[in-house]
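These protein sequences, in sequence, are chains B and R. Those letters in the first sequence? Residues 5 to 417, per the numbering used here, in order. Those letters in the second sequence? Residues 9 to 230, per the numbering used here, in order.
Worth flagging that the hints you see were computed from the coordinates, not collected in a lab. Among the hints, a few may not be true.
Stated by the list, open to error - Here are the simulated EDC-like pairs of lysine to aspartate or glutamate, each with C-alpha atoms no more than 16 Å apart in a straight line:
no.: 1; chain 1: B; residue 1: 198; chain 2: B; residue 2: 144
no.: 2; chain 1: B; residue 1: 235; chain 2: B; residue 2: 272
no.: 3; chain 1: B; residue 1: 68; chain 2: B; residue 2: 51
no.: 4; chain 1: B; residue 1: 235; chain 2: B; residue 2: 256
no.: 5; chain 1: R; residue 1: 63; chain 2: B; residue 2: 129
no.: 6; chain 1: R; residue 1: 227; chain 2: R; residue 2: 93
no.: 7; chain 1: B; residue 1: 154; chain 2: B; residue 2: 168
no.: 8; chain 1: B; residue 1: 165; chain 2: R; residue 2: 142
no.: 9; chain 1: B; residue 1: 50; chain 2: B; residue 2: 92
no.: 10; chain 1: R; residue 1: 63; chain 2: B; residue 2: 78
no.: 11; chain 1: R; residue 1: 20; chain 2: R; residue 2: 89
no.: 12; chain 1: B; residue 1: 56; chain 2: B; residue 2: 267
no.: 13; chain 1: B; residue 1: 68; chain 2: B; residue 2: 256
no.: 14; chain 1: B; residue 1: 154; chain 2: R; residue 2: 142
no.: 15; chain 1: R; residue 1: 145; chain 2: B; residue 2: 122
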Amino acid sequence: MLVKIARLSLILITIFTLAIFLPDFYWKAFEQQVYRPFAQFSPVLKDFLVTKASKKGPHYYDTKGHTYTRSEVDSLLPFSNARQLLFENRFPDSLDGKKIDPEEVRTNNFTLRISPSDINQYRIDMYPLFESQSGRVRLEMPTSFFRITKRMEFINAADNKIEEKLSSLFSGALQNFGFQFPAQLIAGNPTTRKPFDEGYFIVDASRHLFHLKMVKGEPFIHPVPIPENLKITHLVVQEMNLREFYALMITDDSRIFLLSYPDYQLIEVPVIDYNWNSTDVRIIGDLFYRNVMCYNEAGLSCQVCDRNYHPVASYQEWWGSRYQQKAGIISEYLFPFSLQIRQETTMFIGLFLRISGIRSLIGIGVAVLLTWIFLSVRGFSVKRNWLEFVIVMISGIFGFIAIILYPPLRDKF
Amino acid sequence: MFKAIIFKEWLKIRWTLLIMFLLSVGILVNIWVNLAYGLRFSNPSDFWAFIIFRKYVFFSFLQYFPPVAGLGLAIAQFFPEMHRDRLRLTLRLPLPENLIIFQMNIVAILAIFSLFLFNLIFLLVFSSIYFPSEIVKNIFMVSLPWFLAGIATYFGVATILVEPVWIRRILMAIIFYGFLQTFFQPAGIYSYQKVIIFLVLLVFVSALGIYYAVHHYQKGLA
Numbered sequence: 005m006l007v008k009i010a011r012l013s014l015i016l017i018t019i020f021t022l023a024i025f026l027p028d029f030y031w032k033a034f035e036q037q038v039y040r041p042f043a044q045f046s047p048v049l050k051d052f053l054v055t056k057a058s059k060k061g062p063h064y065y066d067t068k069g070h071t072y073t074r075s076e077v078d079s080l081l082p083f084s085n086a087r088q089l090l091f092e093n094r095f096p097d098s099l100d101g102k103k104i105d106p107e108e109v110r111t112n113n114f115t116l117r118i119s120p121s122d123i124n125q126y127r128i129d130m131y132p133l134f135e136s137q138s139g140r141v142r143l144e145m146p147t148s149f150f151r152i153t154k155r156m157e158f159i160n161a162a163d164n165k166i167e168e169k170l171s172s173l174f175s176g177a178l179q180n181f182g183f184q185f186p187a188q189l190i191a192g193n194p195t196t197r198k199p200f201d202e203g204y205f206i207v208d209a210s211r212h213l214f215h216l217k218m219v220k221g222e223p224f225i226h227p228v229p230i231p232e233n234l235k236i237t238h239l240v241v242q243e244m245n246l247r248e249f250y251a252l253m254i255t256d257d258s259r260i261f262l263l264s265y266p267d268y269q270l271i272e273v274p275v276i277d278y279n280w281n282s283t284d285v286r287i288i289g290d291l292f293y294r295n296v297m298c299y300n301e302a303g304l305s306c307q308v309c310d311r312n313y314h315p316v317a318s319y320q321e322w323w324g325s326r327y328q329q330k331a332g333i334i335s336e337y338l339f340p341f342s343l344q345i346r347q348e349t350t351m352f353i354g355l356f357l358r359i360s361g362i363r364s365l366i367g368i369g370v371a372v373l374l375t376w377i378f379l380s381v382r383g384f385s386v387k388r389n390w391l392e393f394v395i396v397m398i399s400g401i402f403g404f405i406a407i408i409l410y411p412p413l414r415d416k417f
Numbered sequence: 009m010f011k012a013i014i015f016k017e018w019l020k021i022r023w024t025l026l027i028m029f030l031l032s033v034g035i036l037v038n039i040w041v042n043l044a045y046g047l048r049f050s051n052p053s054d055f056w057a058f059i060i061f062r063k064y065v066f067f068s069f070l071q072y073f074p075p076v077a078g079l080g081l082a083i084a085q086f087f088p089e090m091h092r093d094r095l096r097l098t099l100r101l102p103l104p105e106n107l108i109i110f111q112m113n114i115v116a117i118l119a120i121f122s123l124f125l126f127n128l129i130f131l132l133v134f135s136s137i138y139f140p141s142e143i144v145k146n147i148f149m150v151s152l153p154w155f156l157a158g159i160a161t162y163f164g165v166a167t168i169l170v171e172p173v174w175i176r177r178i179l180m181a182i183i184f185y186g187f188l189q190t191f192f193q194p195a196g197i198y199s200y201q202k203v204i205i206f207l208v209l210l211v212f213v214s215a216l217g218i219y220y221a222v223h224h225y226q227k228g229l230a
């Protein structure tokens with residue numbers, strides 16, 4: 005009995021390993037590159053300009069099917085190509101009857117990118133609190149890091165000891181504003197490479213949002229009212245000279261909001277096909293528009309809106325998932341399922357099982373036949389070894405290989 | 009009888025165990041000295057930020073040790089047994105053969121477990137001099153899969169050594185190498201938090217295979 009269990013354990017390990025590595029190896033050998041389009045909104049054409057790479061280099065087209073040269077694209081997208089146009093002395097003086105200035109264009113250009121793996125990842129919940137008004141031009145890394153558990157504690161990195169004075173100052177201040185410890189979510193931009201510091205946005209234990217920063221050594225705390233029905237999943241703080249919004253907020257039902265300057269008004273960003281668990285979203289801002297691009301595994305959806313976040317135009321393009329490629333269809337015949345321990349959308353190791361469709365029955369059928377031949381040739385009783393067939397029916401090629409490697413036990417020797 | 013087996017196995021593995029112990033102390037002291045040096049000669053806040061936000065794993069070299077220790081102990085224990093078919097004599101002892109193998113495994117696992125526990129405690133204790141509990145907890149979570157992999161390596165190598173057929177040995181080694189990759193996804197970047205229990209389960213599954221190899225060995229089967 006023990007020997008039978010031992011054999012099953014070896015078969016299990018083999019199937020587990022093969023289900024991870026065989027499909028992976030297969031895709032490395034046969035996957036065709038899909039060139040993902042990049043759609044920008046041209047303020048000149050009032051239409052999308054799509055850039056798509058190919059083996060021959062990038063090509064550019066609009067939604068009406070016109071194609072453009074690189075140099076034409078530069079002038080059709082004057083905001084994102086401002087430097088090139090200035091270099092060639094082609095930068096326009098005005099657009100839509102509005103005078104434009106290169107410096108203003110530069111200030112208004114920004115890109116925010118939030119991937120599902122930014123949200124699905126383990127965080128060590130300790131953060132540096134910058135002095136946001138030090139009177140110095142450059143931000144400096146503080147000597148301590150804070151945590152917000154039973155209270156707010158600052159720990160000095162040099163000696164790993166709690167800074168009691170600072171800790172009680174900030175804990176007390178938070179308490180005065182009705183903050184419920186511990187913090188559920190702490191979001192900031194913990195780098196000195198930013199133009200100024202806005203500190204942190206913190207969700208407390210009762211789901212209330214607070215803005216916290218340090219101003220001249222003192223706590224600055226501002227409660228931010230959020231409608232009860234919004235559950236914050238993720239916050240992105242990115243200080244920009246534009247000072248249009250403090251933070252970007254993603255809710256658990258995949259809506260995107262901005263917290264605007266100066267009075268923390270919530271502005272909902274219109275978005276198509278967004279799911280924080282699987283979509284890579286980029287928000288590309290310029291002087292006139294906001295382009296919200298959502299990349300899913302199989303397609304791109306863009307929603308362009310004006311500076312007041314009213315929808316202006318949208319664009320969608322599909323290229324199909326890799327399982328729609330020829331290699332993908334063949335893989336479904338070959339492998340009844342595939343296992344992954346890593347996925348692009350998360351930084352957590354997991355067991356990601358993908359079961360192939362009805363096509364896999366053919367592969368399984370072949371594997372069962374081969375198993376029958378193998379058992380017969382090696383002189384094993386087909387009837388008595390029915391379990392082998394069950395294994396192969398579930399795991400197809402993986403199980404067949406495992407059975408060849410670990411043949412059944414013989415009754416007599 | 010168990011006492012006799014403990015003694016016999018101890019005689020086989022003691023030098024390897026001592027070498028592994030010294031090797032791990034060497035690695036850990038080296039990591040400690042490098043860490044202290046790094047903290048002294050850079051801004052400690054920057055060092056912390058590097059660990060917290062860039063997921064820097066200052067002890068990443070340690071990941072190679074557990075599989076090496078598992079490999080070493082399995083070889084120390086089973087290689088002499090395979091020489092001139094000594095295992096056949098061992099299995100003639102007046103005990104069920106599977107129980108003998110089980111007791112041999114127990115001795116080695118106790119040795120490996122104590123070694124790893126010592127390593128882990130050493131690592132966590134000196135880390136907690138320099139880092140707060142949040143970082144120390146992360147160090148534990150990052151290194152745990154490596155130690156589990158060390159135990160799985162022991163069982164895998166023992167199984168491969170006992171297996172009598174060369175071609176199967178080679179194929180098992182390839183599969184097992186792939187299997188161990190599960191425990192070694194890039195340190196710090198990926199988190200094992202959600203699958204630790206599953207990894208422990210995999211280690212238990214890997215502990216069973218050896219009885220199939222022993223069966224083959226006893227019957228002299230292809």
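Each hint, compared with the structure:
Between residue 198 of chain B and residue 144 of chain B the CA atoms are separated by roughly 11 Å; this keeps the pair inside 16 Å, and the hint holds. Our distance criterion of 16 Å between C-alpha atoms is met by residue 235 of chain B and residue 272 of chain B, whose separation comes to about 14 Å. For the given pair, residue 68 of chain B sits about 9 Å from residue 51 of chain B by alpha-carbon distance, which is consistent with the 16 Å threshold. A distance of roughly 6 Å separates the Cα atoms of residue 235 of chain B and residue 256 of chain B; the hinted pair therefore holds under the 16 Å criterion.
Restraint check for residue 63 of chain R and residue 129 of chain B: satisfied, since their Cα atoms lie roughly 12 Å apart, inside the 16 Å limit. A distance of roughly 13 Å separates the Cα atoms of residue 227 of chain R and residue 93 of chain R; the hinted pair therefore holds under the 16 Å criterion. The straight-line distance between the Cα atoms of residue 154 of chain B and residue 168 of chain B is roughly 14 Å, inside the 16 Å bound, and the hint therefore holds. Distance hint between residue 165 of chain B and residue 142 of chain R is fulfilled; the C-alpha atoms sit about 14 Å from each other, no more than 16 Å.
Only pairs whose Cα atoms come within 16 Å are accepted, and residue 50 of chain B paired with residue 92 of chain B is rejected, the gap being roughly 23 Å. Using a Cα cut-off of 16 Å, the hinted pair residue 63 of chain R and residue 78 of chain B is violated, with the two alpha carbons roughly 39 Å apart. Between the alpha carbons of residue 20 of chain R and residue 89 of chain R the distance comes to roughly 10 Å, so the proposed pair stays at or under 16 Å and holds. Under the criterion of a C-alpha separation no larger than 16 Å, the hint pairing residue 56 of chain B with residue 267 of chain B is inconsistent with the structure, at around 40 Å.
About 37 Å separates the Cα atoms of residue 68 of chain B and residue 256 of chain B, which puts this hinted pair outside 16 Å; it is violated. Under the criterion of a C-alpha separation no larger than 16 Å, the hint pairing residue 154 of chain B with residue 142 of chain R is consistent with the structure, at around 14 Å. Restraint check for residue 145 of chain R and residue 122 of chain B: the C-alpha separation of about 21 Å exceeds 16 Å, so the hint is violated.
Checked against the numbered hints given earlier, this structure breaks hints 9, 10, 12, 13 and 15; the rest are met.
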